[in-house]
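Asker: Each protein sequence line maps, in turn, to chains Z, H and Y.
According to the working numbering, the first sequence is numbered sequentially starting from 1.
According to the working numbering, the second sequence is numbered sequentially starting from 1.
According to the working numbering, the third sequence is numbered sequentially starting from 1.
One or more hints might be untrue.
Unchecked claim - Now the stretches of chain Y that chain H is said to cover, found in silico as 3 or more residues with beta-carbon under 8 Å:
hint, stretch
1, 16–22
2, 107–120
3, 140–147
As the list claims (entries may be wrong) - Below, a list of computed lysine-lysine pairs in the DSS-like style, where the Cα atoms sit at most 30 Å apart:
hint, chain 1, residue 1, chain 2, residue 2
4, Z, Lys460, Z, Lys555
5, H, Lys5, H, Lys18
6, Z, Lys407, Z, Lys397
7, Z, Lys61, H, Lys322
8, Z, Lys63, H, Lys322
9, H, Lys334, Y, Lys13
10, Y, Lys102, H, Lys503
11, Y, Lys150, Y, Lys108
Said to hold, decoys possible - Pair ranges (Cβ atoms, derived):
hint, chain 1, residue 1, chain 2, residue 2, range
12, H, Lys322, Y, Glu105, 35 to 43 Å
13, Y, Lys10, H, Glu512, 57 to 65 Å
14, Z, Lys10, H, Lys556, 50 to 58 Å
15, H, Leu88, Y, Glu111, 50 to 58 Å
16, H, Glu292, Z, Lys10, 43 to 51 Å
17, H, Trp357, Z, Lys10, 44 to 52 Å
These are calculated hints, taken from the structure and not from any lab test.
Nothing here was measured: the structure is a model prediction, and the numbers come from that model.
The beta carbon of each residue, even a glycine, is placed where N, CA and C say it ideally should be.
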Amino acid sequence: MDGKKMVTVKIDGHEIQTERGTPIIKLAAKLGIYIPTLCHNDFVEPYGSCRVCSVEMRRGKRKRLVTACNYPAQDGEEIYTDTEWVRENRKLILELLLARCPEVPIIKEMAAAYGVTETRFEKLYSDCINCGLCVRICSEVVGANAIGWAGRGVNREVTTPFEIDSQACIGCGACAAVCPTGRIHIEPLWALKEGEPREFTLGPASAIYIPTYQAVPKVPVIDPTACIHFKTGGCKICEHVCEPKAIDHNQEERWEEFEVGQILLTTGYELFNPVVMKQYGYGRFDDVYTSLEMEYMFNASGPTNGRILMKNGQEPRSIGIVHCVGSRDVNYHPYCSRICCMYALKFAHLIRDRSEAKIYQFYIDMRAFGKGYEEFFTRILDEGVNVIRGRVAEVVKASPDKANDGKLLIRCEDTLVHRFREIPVDMVILCSAIEPQRDADRLQRLFSLSRSPDGFFLEKHPKLDPTATPTDGVYIAGCCQGPKDIPDTVAQASSAAARILANIARGVVEVAPILAYIDPEICAGCRLCLQLCPYGAIEYLEDKGISQVNEALCKGCGTCVSSCPSGASTQRHFRDDQIWAEIEGLLLDRR
Amino acid sequence: MKKLKVEDLSKIKEKRIKERQLSEAGPYRARIVVHLGTCGLSAGAQSILETFESLVAQHPEAKAYILKCGCGGFCAREPMVQIETLGLEPVIYVDLKPKDVKTIFEEHVLKGSIVEAKRLSPEESFFARQQFLVLRNRGKIDPENIEDYIAQDGYMALAKVLTSMSPEQVIAEVKASGLRGRGGGGFPTGIKWETCRHAGEERKEERFVICNADEGDPGAYMDRSIIESDPHSVIEGMIIGAYAIGSRQGYVYIRKEYPIALEKLNIALAQAREYGLLGDNILGTGFSFDIEVHRGAGAFVCGESTALMASLEGRAGIPRAKYIHTVEYGLWNKPSCLNNVETWANIPIIINKGADWFTQIGTGDVTNNPWGGSKGTKVFSLTGKVKNTGLIEVPMGITLREIIFEIGGGIPNGKKFKTVQTGGPSGGFLPETLLDLPVDFDSLTEAGSMMGSGGMIVGDEDTCMVDMAKYFINFLLEESCGKCVPCREGLRAMHSILERITKGQGKEEDIEALQDLSKVMIQSSLCALGQSAPNPVLTSIRYFREEYEAHIQKKKCPAGVCPDLYEMTIIPELCSGCMVCARYCPTKAISGEKQKPHQIDRSKCIKCNVCYSLCKFNAIKKI
Amino acid sequence: MEVNTELIEKILKKWQYRKDFLIEILQDIQDEYHYLPRLVLMEISRYLEIPLNQIYEVATYYKAFSLEPKGKFQISICKGTACHVRGAATVQGALERELGIKLGETDKNLEFTLEAVRCLGCCGLAPVITINQDVFGKVEANEIPRIIEKYRKGQTITASTKVTSGGSRP
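Whole structure, please, built from the sequences with the hints as guidance.
Answerer: See the structure below:
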């Protein structure tokens, strides 16, 4: 039929005009009339299996029951959604469904709404009504075709092919989401049975999400590794429900170029991966977490809604917090990561706040150097947190036959009492070191920066100019320069911003007059200086066959001057003869 | 073989008639018609044929030839042979064994004297009341020989349509004939064709014609028999339909359980292609059409049009809502015209003889209202507790009594008639009081049953109505696709209620529950299977309520069918002590000495009924 | 199980690799293997690019298909209406006792499979059973042991002995 033809129908007395072929249920929804249904969902084709949505259709003298989900309204028809006949019919259907699924809440509720609390028919005690929503969403929307039908008649059921784990399943959970009876559910990973492989999921719970609560711009992103559309080419439900039509699955990452005068590097840090410290058991034992994973667990929007849970879903009764994992350790990083002591104390406070668990802190030195930090430490001690001074030697699993069955044992030397300690705990938190970003060297070359031996970017001057770098117009702030906590980071970043704003306000850049100059008459175009210039300030002019100094970039270091084989490169105001003259002048005075 | 032109048809016809004519001067003076339908073959017709073949070869002086025909229709008396010789009326021999063949050949074919012992009595009323339109070529053609069909005016209707009628004229003729779908629905065929043509023209879509040969009704085998015996009539009907609708592609959906029909159909299609009656440029008229065969894989619901089309598309045969008809959106969402085998087979004769001739047969008046009557004949398979089981063709409007007692010869073994079930599992049971009901679409529907595809099953006094209802519900339960709730769950609930009634655990309110279930199934099932499924239950309650009550209240099965509701007993006065029952009793529950009345140990009896069926003295009774 | 790709390709080629012939293809495979092996179905799914869940649905929907191996002799009891009326249940009981299996089962030696079919269309000969391609009409329960014994011994039964001489007693 042609979609353009308009028809007028009446639903419960309300007249509505629509395109021919529109199912009644859609029209009723527009009018705000509720029609109960179990097998219909806007995202899949109408199926008409539950028949609960049957309504009365009258045309002239004819009347019959039709299913609202797929009956295309015809011109001049009157639809009644709640007549005696409709109710009677619905009641019998629900009585039949109640016989099939006597224990499914939604069926019990719907049946009760029509006065059916007991069924006369033989009970089946199934929890599936064969509405097929799961199968249809899996094939029509998701496109995975992982589940399907088997058998026919009373034996028809939803299953995976051959009733074995389907290789086609992408674990999207769409089937569970649409299942009206709750027969299909996605098993939470931490509720798996003993002995099965476990995984603490830290990935996003859904493929489309707002990255963080403070995200800028605050719009959702789609994770292409989790999005069904990028796996099967189907779904796109988000596109259907997004009224402003803001979702475009064809969008791709792209490079944008900006012309700027100054750059502030705040590339941050990376967390040391403690898996290499085998003695701490990270990655080997359940319930050994890094500090960042714990932050995620503490988060009210995190995977456990802020509850502190072990992988078996139970609350831990004791927790050990291990400081200096990878820091202050000649094998890994000799420096102090500066923030761990304080966040470890914060963890203790949060745990104390949310659970009954006993807390043990294992530290080397308690570095509570900031404003109010020492007071916080004292408060934590008052809250009854156990602190043990000593580097943890290892974390092991208690042998099953012992009293501490299943627990983790933290072994260390308590240096204050000079005793070896073995503390049984349920959970271990490793305060991992702060490390430079692994691609810091790439950034270093790009911006002609230097790095200190620990790998962090080197500032221009440790005391007098801690935010600038040797490259003019390039500033650094935060942990890319070295481990620091939030107040320090904010202070440094504000200072850098002030420096940048000052330059902008001035509008011009002052350059020191001591610059290199290459005499075009003498330059032979050997390009030796090009490779040596640490600031990339020399360019080669192809047409003239000589090298030239970019005076805005030159720092006057003199490297090119000393290396120029033909003596074409000289330092302005710093020429050999000038130096000699200065020396002679000095010597003359002495004389 | 050169592709035929229109004018070649009559030449072939003349040649073939001449070849096969019986005459003293000609090559043949005797014709032996052997019926080789599935029924006949399973009754042993193959060895009858082989015996005749060797006799004909041994006696060239007999100048006899064998015509290997399809179904003879009189299934109860197969193997069946008809012998025509010069100077004698055609004689039908029935219940043949290979040893009878020699006598018949020597006596009848060679000497010209009829063997009365094996002859079907001329007074036998089986064929008397029948009228052959669809089965017009029964006993006249070899289904594997297209020229035999052409000799019986085959493909003449096609030639007529292609040369002298426009598609609209063909549709008008079919409409005027009042032909209604023989698959069960009784939808006027002409209207179907017209809507299909119209939908295709409007959307400029290709159209399909489909032949439904998925005859799933238990107790019905008309379609199988027609395809086995006269496949070309179906093919010709389809080509004419395709021309009228404007289709280039046809499909036959046939049950896998019918291997012989499938074989004959494929042979016929190949021959039709060879003769230029299928394929490109049919009979040189520029019209092109071909037919593809799909085998069904065993699903009753595939007789439903949307399920059949899903199956043709290679999917599970599950019906969809028919708010939009298949003539508009059918196979591959294109206009599709689906008709049953018998409907297609009616087309050539309607075209040949005209709508006016056709409307003289049957009931009602269809001049202005296509639903106004039932025209033509209907083929039924008459089975069950009736003497003359077989395939019959009767004019619409004949009464049930005429069919059962005249054609069918009444109930065997002196039992009493109880019920006749028409319309397959979705039909209903009709009682003795309705025996004078004229058989047409509307009267049967009114009585709570339906025409269906033409199964007609007779039950005698030994038939338990509750058991029969349970049997059909069980059948439908297994055959329901399981998609919609009323059908799937309703049948399950019905079955469990009937099960408990037949076990003697029925409750007073069960009858009402069954009626409630019927109501919801009829008004809100998705397809015709569910909508008509309660018919056996409803009609058995309507006409035989007292039997339900006997099961529920007295805990007795009056017909002695439901094992929990009767006991086996031996009536000492009738028992001759022949020991047959004791010998065959699987549980050794019967004991007794020779020539003295036997006894049944009821604790051992499993009611297998072996003794009951073996006793020649009616001494075993169920109480 | 080894998948005979040559055989599969032969069957697929016969049906022109057409998706709408899936049911025909599966019937041919059923005829070859006497059931539908899982690995073969997976192969078909790959060849025809039909998702496995759809093939599984078709394979479990139609009566003609089986996912379990069947016996050498397939015994089908017609449970059409005419046969039901004329005592198919009695014959079924006799067969079950004789073979020691229930309807729908296959015996341990993979020798006999007992199944019900919906009307073989020989209602005039009711009750009817078929053993592979052989049809037995007007069967009576007490003949069952004799018939089964012949198949057990591997004798072939000629057409004339197939149909018993019994009359039309119920």
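Asker: Run every hint past the structure and note whether it holds.
Answerer: For each hint, the structure was consulted:
no., hint, result
1, 16–22, "holds (count 5)"
2, 107–120, "holds (count 4)"
3, 140–147, "holds (count 3)"
4, Z/Lys460 - Z/Lys555, "holds, 13 Å"
5, H/Lys5 - H/Lys18, "holds, 21 Å"
6, Z/Lys407 - Z/Lys397, "holds, 6 Å"
7, Z/Lys61 - H/Lys322, "holds, 21 Å"
8, Z/Lys63 - H/Lys322, "holds, 17 Å"
9, H/Lys334 - Y/Lys13, "holds, 27 Å"
10, Y/Lys102 - H/Lys503, "holds, 21 Å"
11, Y/Lys150 - Y/Lys108, "holds, 19 Å"
12, H/Lys322 - Y/Glu105: 35 to 43 Å, "holds, 38 Å"
13, Y/Lys10 - H/Glu512: 57 to 65 Å, "holds, 59 Å"
14, Z/Lys10 - H/Lys556: 50 to 58 Å, "holds, 55 Å"
15, H/Leu88 - Y/Glu111: 50 to 58 Å, "holds, 52 Å"
16, H/Glu292 - Z/Lys10: 43 to 51 Å, "holds, 46 Å"
17, H/Trp357 - Z/Lys10: 44 to 52 Å, "holds, 48 Å"
Checked against the numbered hints given earlier, this structure breaks none of them.
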